[in-house]
Amino acid sequence: MIRLKDIGFRYNSRPIFTGLNFRVSPGDRIGLVGPNGSGKTTLAQIIMGLLIPDSGEIELFGKVRKTESDFAEVRGRIGFLFQDSEDQLFCPTVLEDVAFGPLNLGKSKEEARAIVSATLASLNLEGFEERITYQLSGGEKRLVSLATVLAMSPEVLILDEPTSGLDESTTERIVQRLTDSSLSYVLISHDRDVVERTTDIVITIRDGRIVLVKEKSEQGRHQPSL
Amino acid sequence: MHIEEFATGDSPIHRLDPRTKIIAAIVFSVVVALNHSLSATAAAMVFPVAVIAVARISITKLLRRLILVNGLILFLWCVLPFTFPGEPLYSIGPLEIHREGVLYALLLTLKSNAIILAMIGLLGTSSVFSLVHALSHMGVPDKLVHLFFFCFRYVHVIHDEYRRLVRAMKIRSFKPGTNLHTYRTYAYLMGMLLVRSFDRSERIVAAMKCRGFRGRFYILHHHEMKKSDYLLAGCSGLFAALLLVL
Chain X
8 MIRLKDIGFR YNSRPIFTGL NFRVSPGDRI GLVGPNGSGK TTLAQIIMGL LIPDSGEIEL
68 FGKVRKTESD FAEVRGRIGF LFQDSEDQLF CPTVLEDVAF GPLNLGKSKE EARAIVSATL
128 ASLNLEGFEE RITYQLSGGE KRLVSLATVL AMSPEVLILD EPTSGLDEST TERIVQRLTD
188 SSLSYVLISH DRDVVERTTD IVITIRDGRI VLVKEKSEQG RHQPSL
Chain E
1235 MHIEEFATGD SPIHRLDPRT KIIAAIVFSV VVALNHSLSA TAAAMVFPVA VIAVARISIT
1295 KLLRRLILVN GLILFLWCVL PFTFPGEPLY SIGPLEIHRE GVLYALLLTL KSNAIILAMI
1355 GLLGTSSVFS LVHALSHMGV PDKLVHLFFF CFRYVHVIHD EYRRLVRAMK IRSFKPGTNL
1415 HTYRTYAYLM GMLLVRSFDR SERIVAAMKC RGFRGRFYIL HHHEMKKSDY LLAGCSGLFA
1475 ALLLVL
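Chains X and E are the protein sequences, given in the same order. Mapping to our numbering: the first sequence position 158 is 165, numbers consecutive. Mapping to our numbering: the second sequence position 82 is 1316, numbers consecutive.
It should be emphasised that the hints constitute simulated quantities derived from the structure, not laboratory data. One thing to keep in mind: the hints can contain errors.
Stated by the list, open to error - Which stretches of chain X does chain E cover? Using the computed rule of at least three CB atoms under 8 Å from a CB of chain E, they are:
{"#": "1", "segment": "52 to 63"}
{"#": "2", "segment": "87 to 96"}
{"#": "3", "segment": "112 to 123"}
Note that the Cβ used here is the ideal one computed from N, Cα and C, for glycine as well.
Let's have the full structure, built from the sequences with the hints guiding it.
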């Protein structure tokens, strides 16, 4: 689904990636760990086409993507959860915010409403439709942000620190939602416990490249290829 | 900080189509602003007062807002009666108070209060988002509508950020005074807010793009013109015509 080849990227003339290769195949559940500033968020933004690398090739869903419109075409298929929910939620009510993605994808109003209630229900957020987004608590904001991403029924998720700063029960809800689903995802996190429980393979970025940290090789598990 | 203070409520005014309210408010403001007669302006007050009475807006909250606005008008009263040429009423030392100046200040006071009351009564009783919807339905350019909407949505976030920074200053024993250190600190505070807001706006656009945004907002709720809307439109039209005749 996602394939990065020989990516080079500099930030303020400091090299972040030098010949980075990365691949996500259907069924992969990848944990991305590493120290602050090692380029985890940058990698996610390059995949989404929000940052353009200096060199290398990005292939998404079988096609090399170069221009903004190339990326716009597939953004609905990759769900990106931002680190700060305040950036993700911008509509006044939860209903409008969760419906924003589906409406952009061309769903009718009725379909969008149905998607919103189903998505909210899957996160135990029933009845949140008319709540005001900026009045939600930090945990609720994160859950609603996740709902806005899931509402677009993406094929793969990129989650940037989905559980940072959350209490145990909210963290638990997010972990549950991820492990219950059959979605492929890349989870960026500092929380060892969360990474341990939700992913099959753990990678990090060292010297501008992807390095394998740990691989769970349970029987019947899909073997991700890097 | 509560911007939509008067928007929650259930009165005939609250239930009106925001499009009718926007048009009525614009027509009323233009007519009042262009008017030069004191008696017509005084008569114009009837309209916003009636709207506010029907909307059952809390008088104390309303007065608090009016005091803010009239603070500015107070400056006019300090200047206009003395500087506007005309027939002197009486003099305090070397200063003379002129009759025309007093009347002019009075006219401006009435005009501004009438317009503000109409805005509070008509526009304040709709939620900002429904006004945004109404504006985009009325053919206002998308860019302006988006600008208005995002200003409103992120004023809270920027205000929170401001409070966080002020708290961070306080816990390190910052006490504002009349000195260079204070000015420099406030300049840093403003600069920091600006930079942070800019960064945030970039992240919001990125988040919107990730959710398939291509420059167009789709609207879930739609407005509907009802009998009461035509009634308000008729009343305000008649009233405006009447004021023009006066």
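Results of checking the hints against the structure:
Note: the segment 52 to 63 of chain X has 3 residues with beta-carbon separation from chain E under 8 Å; the three-residue rule is met and the coverage holds. Judged by the Cβ-Cβ criterion of 8 Å, the segment 87 to 96 of chain X is covered by chain E as claimed, because 6 of its residues qualify and three suffice. For a cut-off of 8 Å, the count of residues in the segment 112 to 123 of chain X with a CB near a CB of chain E stands at 4, and the three-residue condition holds.
Hint check: no violations occur; every hint is consistent with the structure.
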